[in-house]
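Asks: Sequence:
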Amino acid sequence: MASEEQATTGASEDTAQEPNVSSINLKLPAFYPSDPALWFGQVENLFLTRRITSQKSKFAYIVSSLQPDVAQEVRDKLLNPPTQNPNDTIKAELIRRTSASEQKRLRQLLISKELGDRKPTQLLRRMHQLLGDRQLESSILKQLFVQRLPTNVQLILASLSDTVDIESLATIADKIVEANPTQTPVTCCCCHSTDTVALHELVSKLTLQVQELTTKVSELSTHHSRGRSRSPRRCSHSRSRPRSSSSSRQALCWYHARHGDNAVKCKPPCNYTTSSNKSNDSASN
Numbered sequence: 001m002a003s004e005e006q007a008t009t010g011a012s013e014d015t016a017q018e019p020n021v022s023s024i025n026l027k028l029p030a031f032y033p034s035d036p037a038l039w040f041g042q043v044e045n046l047f048l049t050r051r052i053t054s055q056k057s058k059f060a061y062i063v064s065s066l067q068p069d070v071a072q073e074v075r076d077k078l079l080n081p082p083t084q085n086p087n088d089t090i091k092a093e094l095i096r097r098t099s100a101s102e103q104k105r106l107r108q109l110l111i112s113k114e115l116g117d118r119k120p121t122q123l124l125r126r127m128h129q130l131l132g133d134r135q136l137e138s139s140i141l142k143q144l145f146v147q148r149l150p151t152n153v154q155l156i157l158a159s160l161s162d163t164v165d166i167e168s169l170a171t172i173a174d175k176i177v178e179a180n181p182t183q184t185p186v187t188c189c190c191c192h193s194t195d196t197v198a199l200h201e202l203v204s205k206l207t208l209q210v211q212e213l214t215t216k217v218s219e220l221s222t223h224h225s226r227g228r229s230r231s232p233r234r235c236s237h238s239r240s241r242p243r244s245s246s247s248s249r250q251a252l253c254w255y256h257a258r259h260g261d262n263a264v265k266c267k268p269p270c271n272y273t274t275s276s277n278k279s280n281d282s283a284s285n
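Numbering follows UniProt numbering, in which position 15 of the sequence shown is assigned residue number 15; successive positions increment by one, without gaps.
Take every hint as true, because none was put in to throw you off.
Just the calculated beta-carbon pair ranges, DEER-fashion:
hint, residue 1, residue 2, range
1, S159, D117, 22 to 28 Å
2, E212, P33, 55 to 61 Å
3, L46, Q135, 28 to 34 Å
4, I95, L48, 17 to 23 Å
5, Q84, I140, 42 to 48 Å
6, Q154, D35, 25 to 31 Å
7, P29, A158, 37 to 43 Å
8, S159, A60, 55 to 61 Å
9, I140, L28, 35 to 41 Å
10, A60, T171, 40 to 46 Å
11, D117, E212, 45 to 51 Å
12, Y272, L220, 54 to 60 Å
13, Q72, L155, 47 to 53 Å
Source of the hints: derived by calculation from the structure; they are not laboratory data. Yeah, the Cβ is synthetic: ideal placement off N, Cα and C, and Gly gets one too.
Throw the hints in and build the complete structure from the sequences for me.
Replies: Structure, rendered in structure tokens:
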């Protein structure tokens, strides 16, 4: 009997120490920084299917699956693990430290959320997610939602938005988008075409201004060149006179040019006329 009891006890201890194969092969999905609460929801269900209930085991699985940048956010908890409820502690800290602040989520709700390639109902769910626990008047949320839909969908929903709740409105919008899948690109093309027309108009205006400036510069250049062409003529007239007097001086020899009537010599060619000859010429005339 004693040997049987010892065998039974040893078998039970081996069974308790034997790890669960399904738990060893458990691989958690990558952490969602944009929605940590959703990630923990998935992880808890994985723990449930693998019958993992220990706080320490859950803590170990979670911290081993975190990306390095996410692990940095809870570095203090990893280096000094909580002694009590480590899984609950790391869960609360990860959600608190990585979730976007309420102000940031509201800013995203008001600014950055467009329909894109999603269905209207998907857009509405994302808007609800950004709102979180914050309550917003249904009329305001409805207006924000409709503004992010294509123009043709907005026109159709305009008569229904006051009488239909936002969930039903999103469902109707889904059907409109499915029935007119090419409407959204057309709207975008119109926007691009309008921008292109405005750009062409701006280029035309700038081209016209450049042409006007070029004409003015050309006129100023022509006027300046005319002014310069006139001034040398005046200078040429003023300089021509000294040349005539100098030419007359060159008709005399050096002796008559220096001594006049008192010159003793004359070196031809010389056109000098003495004073007596000048007097005789005057009398004869």
